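Enquirer: So the chains spell out like this:
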Amino acid sequence: MDKPVVTRKALVLGLGLVLLLALPPIALAMDEGFFISLFSRILIYALAAVSLDLILGYAGMASLGHGAFLGVGAYVVGILAFHLSDGSPLPFLPGAWAGTASALIAWTAAILVSALFALVIGALSQRTSGVYFIMITLAFAQMLYFFFISLSTYGGQDGVNLEQRNTFPLLDLGDDTSFYYVCLGLLLGFVFLCKRLVNSRFGMVMRGCKQNETRMRALGFATYRYKLMCFVIAGAGAGLAGALAANQSEFVSPGLMHWTRSGEIMIMVILGGMGTLFGPILGAAALLLMEDVLASYTEHWMIILGPVLIFVVLFARRGIYGFLAGPGGRDG
Amino acid sequence: MDSPAAPLLDVQGLVKSFGALRASDGISLDVRAGEIHAVIGPNGAGKTTLINQLSGEMAPDGGQILFDGMNVTAMDVARRARMGLARSYQITSIFPEFTALENLAMAVQSGLGHHFRFWRNAKTDPARIAPAMEGLRRVELEAVAHSMAGELAHGQQRQLELAMALATGPKLLLLDEPMAGMGPEESRRMTDILLPLKGRVSILLVEHDMDVVFALADRITVLVLGKPIATDTPARIRANPDVRAAYLGESP
Ligand SMILES: Nc1ncnc2c1ncn2[C@@H]1O[C@H](COP(=O)(O)OP(=O)(O)OP(=O)(O)O)[C@@H](O)[C@H]1O
Ligand SMILES: [Mg+2]
Numbered sequence: 001m002d003k004p005v006v007t008r009k010a011l012v013l014g015l016g017l018v019l020l021l022a023l024p025p026i027a028l029a030m031d032e033g034f035f036i037s038l039f040s041r042i043l044i045y046a047l048a049a050v051s052l053d054l055i056l057g058y059a060g061m062a063s064l065g066h067g068a069f070l071g072v073g074a075y076v077v078g079i080l081a082f083h084l085s086d087g088s089p090l091p092f093l094p095g096a097w098a099g100t101a102s103a104l105i106a107w108t109a110a111i112l113v114s115a116l117f118a119l120v121i122g123a124l125s126q127r128t129s130g131v132y133f134i135m136i137t138l139a140f141a142q143m144l145y146f147f148f149i150s151l152s153t154y155g156g157q158d159g160v161n162l163e164q165r166n167t168f169p170l171l172d173l174g175d176d177t178s179f180y181y182v183c184l185g186l187l188l189g190f191v192f193l194c195k196r197l198v199n200s201r202f203g204m205v206m207r208g209c210k211q212n213e214t215r216m217r218a219l220g221f222a223t224y225r226y227k228l229m230c231f232v233i234a235g236a237g238a239g240l241a242g243a244l245a246a247n248q249s250e251f252v253s254p255g256l257m258h259w260t261r262s263g264e265i266m267i268m269v270i271l272g273g274m275g276t277l278f279g280p281i282l283g284a285a286a287l288l289l290m291e292d293v294l295a296s297y298t299e300h301w302m303i304i305l306g307p308v309l310i311f312v313v314l315f316a317r318r319g320i321y322g323f324l325a326g327p328g329g330r331d332g
Numbered sequence: 001m002d003s004p005a006a007p008l009l010d011v012q013g014l015v016k017s018f019g020a021l022r023a024s025d026g027i028s029l030d031v032r033a034g035e036i037h038a039v040i041g042p043n044g045a046g047k048t049t050l051i052n053q054l055s056g057e058m059a060p061d062g063g064q065i066l067f068d069g070m071n072v073t074a075m076d077v078a079r080r081a082r083m084g085l086a087r088s089y090q091i092t093s094i095f096p097e098f099t100a101l102e103n104l105a106m107a108v109q110s111g112l113g114h115h116f117r118f119w120r121n122a123k124t125d126p127a128r129i130a131p132a133m134e135g136l137r138r139v140e141l142e143a144v145a146h147s148m149a150g151e152l153a154h155g156q157q158r159q160l161e162l163a164m165a166l167a168t169g170p171k172l173l174l175l176d177e178p179m180a181g182m183g184p185e186e187s188r189r190m191t192d193i194l195l196p197l198k199g200r201v202s203i204l205l206v207e208h209d210m211d212v213v214f215a216l217a218d219r220i221t222v223l224v225l226g227k228p229i230a231t232d233t234p235a236r237i238r239a240n241p242d243v244r245a246a247y248l249g250e251s252p
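The listed protein sequences derive, respectively, from chains W and V.
Reading the first sequence from the start, the letters are residues 1 to 332 in the working numbering.
Reading the second sequence from the start, the letters are residues 1 to 252 in the working numbering.
Hints are computed from structural coordinates only; laboratory data are not their basis.
Owing to the predicted nature of the structure, the values given are computational and were not obtained by experimental measurement.
Glycine included, each C-beta is placed from N, C-alpha and C at the ideal position.
Be aware that a few hints might be false.
In silico SDA-like cross-links for lysine to any residue, where the CA-CA straight-line distance does not exceed 20 Å [unchecked claim]:
#1 Lys123/V x Leu171/W
#2 Lys227/V x Ala246/V
#3 Lys195/W x Thr124/V
#4 Lys123/V x Asn212/W
#5 Lys198/V x Glu57/V
#6 Lys210/W x His208/V
#7 Lys210/W x Lys123/V
#8 Lys171/V x Asn71/V
#9 Lys171/V x Gln156/V
Here are the in silico distance ranges between beta carbons for each label pair [claimed, not checked]:
#10 Arg120/V x Leu309/W: 47 to 57 Å
#11 Val120/W x Arg120/V: 25 to 35 Å
#12 Met148/V x Ala10/W: 22 to 32 Å
#13 His154/V x Leu309/W: 28 to 38 Å
#14 Val120/W x Ala127/V: 33 to 43 Å
#15 Asp76/V x Met135/W: 23 to 33 Å
Based on the sequences and whatever the hints tell you, model everything.
Expert: This is the structure:
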């Protein structure tokens with residue numbers, strides 16, 4: 001059979017990329033600058049959803065606590081900014097470092113701290129599997145949620161306001177268009193990284209674990225450590241998304257860690273197509289746009305989402321991405 | 001024992017209970033290097049339970065397992081596998097969403113290591129793929145190399161699983177009814193695959209098909225209700241009156 005010059009998959013991906021690249025000028029030309037910040041939010045949640053897809057779609061770990069890492073990443077940025085404007089030193093750290101507004105430092109810290117949280121939560125959660133794994137990741141996220149509510153220094157339930165977005169070399173993140181492209185660049189970079197990862201030896205171990213972990217162990221793979229590593233990478237990705245989310249809304253609150261947020265991220269992955277990496281981007285766009293449009297008609301917009309989701313789960317195992325790009329090969 | 005070399009596998013007084021049921025009731029047996037040692041016994045005799053304890057998937061309540069000069073009784077499954085203990089399952093256990101070739105490549109990768117390699121493409125890595133193809137050839141599955149393993153015929157899946165176990169380059173193969181659910185034609189092919197391994201790979205073979213057992217085994221242990229009632233050469237097992245009464249007499 002002849003292969004077409006341009007496959008359906010390449011076409012969908014190419015079009016998507018062009019659309020995302022061209023969005024800010026188009027939005028500005030249409031005088032709808034609001035779209036730029038809406039789509040920044042979509043890109044940020046897409047990043048979180050792609051990171052969840054890594055563990056859910058490739059390693060078969062259904063975490064319902066992924067919002068925890070989003071929240072931790074956001075709080076790292078929020079807390080660093082808080083101390084900078086407050087002038088008080090950071091707790092738990094030696095010296096009297098009073099925070100930073102530098103994106104390079106704050107975002108790196110967000111990635112590292114959320115990776116550390118993922119290491120601890122993952123190490124404990126992975127002693128279970130299946131429904132228990134879902135429940136324990138959920139429980140950890142809720143614990144963090146209540147922990148941050150109890151932190152009155154950082155606003156408790158109300159969270160922390162950022163006076164301004166982080167500073168970035170050569171760019172003004174306060175400008176929505178620049179910020180949008182930074183988000184897009186980071187998302188594309190992360191997707192590329194994940195794409196390499198899922199096709200590497202490490203990635204094959206993940207896929208093997210998803211299909212038949214017993215067989216993996218009997219072949220000699222110490223599956224625990226590889227799955228934990230994957231969980232940590234995913235947590236780090238969500239942490240970066242959290243750092244961006246904090247900048248996007250210039251506000252951080254425990255709500256980011258609430259289990260409904262984790263649920264939304266999972267819905268993005270399932271809706272867009274599990275185990276495809278690109279799908280979760282579509283899922284994030286679909287969910288957030290649906291929310292934006294439907295929420296203006298009814299606050300019970302989730303009622304409409306429910307049937308859509310059931311339809312996707314039952315009839316389109318590769319979600320929106322599978323629907324657009326075709327069934328595709330075994331690697332998405 | 002007349003052989004001065006220590007056996008490759010030495011099982012001593014293995015005990016495993018499920019509630020009141022003694023699935024392993026003091027099992028002692030050994031497998032010498034290069035030997036095919038068959039374990040036969042009626043349904044529910046505790047053959048799979050024995051294999052599960054040898055592979056490390058079940059912890060025995062008592063007794064010990066020495067493999068390749070090491071006490072592996074408390075060692076986890078993956079480490080035992082890396083020491084050279086490979087197994088197949090009574091109920092086929094493969095990666096259904098991988099191609100046949102990729103199933104083999106996973107087994108090959110287990111021996112290669114470097115599982116924390118994140119960047120280089122594994123699917124085109126000759127270090128994984130070339131030996132994987134070689135392994136498929138050994139079981140005559142190269143024609144279906146690029147078919148999804150889950151879509152292969154039952155007999156082909158059984159062959160694939162055997163090939164995976166072999167591809168790890170094991171010192172000892174634990175085979176749990178490799179012919180389970182196979183027709184006579186498939187069964188014959190499987191025997192043809194196993195025969196050339198005789199003398200080269202040490203095997204602990206659990207099998208119901210007596211023709212296969214008598215064709216392959218150097219020694220046979222008969223297990224009844226979790227207890228070995230005899231261990232001997234095939235000819236003497238066939239002639240053993242206890243065995244005939246307990247087991248062979250029942251099969252046509
Ligand atoms: N996990 C378990 N929990 C409780 N009982 C078990 C368990 N596994 C096996 N048994 C019981 O232990 C006994 C031995 O089972 P086992 O599967 O080892 O037999 P087998 O010799 O492999 O039989 P078959 O020829 O049917 O495969 C059976 O009575 C079985 O019901
Ligand atoms: Mg059995």
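Enquirer: Taking 20 Å as the top limit, are the C-alpha atoms of lysine 210/W and histidine 208/V close enough?
Expert: Answer violated: lysine 210/W to histidine 208/V is near 32 Å, above 20 Å.
Enquirer: Taking only the CA atoms, is the gap from lysine 198/V to glutamate 57/V under or equal to 20 Å?
Expert: violated (26 Å)
Enquirer: Should the hint that histidine 154/V and leucine 309/W are 28 to 38 Å apart at their CB atoms be regarded as holding?
Expert: holds (36 Å)
Enquirer: Regarding the pair lysine 171/V and glutamine 156/V, is the alpha-carbon distance no greater than 20 Å?
Expert: Judged against 20 Å, a Cα distance of about 24 Å means the pair is violated.
Enquirer: That 22 to 32 Å hint for methionine 148/V and alanine 10/W (C-beta), does it hold up?
Expert: holds (23 Å)
Enquirer: Is the hinted pair lysine 171/V and asparagine 71/V satisfied, with a Cα-Cα distance of at most 20 Å?
Expert: holds (16 Å)
Enquirer: Please test the hint of 23 to 33 Å on the beta carbon pair from aspartate 76/V and methionine 135/W.
Expert: holds (25 Å)
Enquirer: For a C-alpha distance cap of 20 Å, please report whether lysine 195/W and threonine 124/V respect it.
Expert: Since the Cα atoms of lysine 195/W and threonine 124/V sit roughly 15 Å apart, the hinted pair holds (cutoff 20 Å).
Enquirer: Compare the distance between the alpha carbons of lysine 123/V and leucine 171/W with 20 Å, and conclude whether the hinted pair is satisfied.
Expert: Roughly 40 Å separates the two Cα atoms, so the pair is violated.
Enquirer: Measure nothing beyond the straight line between the CA atoms of lysine 227/V and alanine 246/V; if it is 20 Å or shorter, mark the hint as holding.
Expert: Distance of about 12 Å is within 20 Å: holds.
Enquirer: Do the beta carbons of arginine 120/V and leucine 309/W sit within 47 to 57 Å of each other?
Expert: violated (37 Å)
Enquirer: For the hint 25 to 35 Å, verify it against the beta carbon of valine 120/W and that of arginine 120/V.
Expert: With a Cβ separation near 30 Å, valine 120/W and arginine 120/V satisfy 25 to 35 Å, so the hint holds.
Hints 1, 5, 6, 9, 10 from the earlier list are contradicted by this structure; the remaining hints agree with it.
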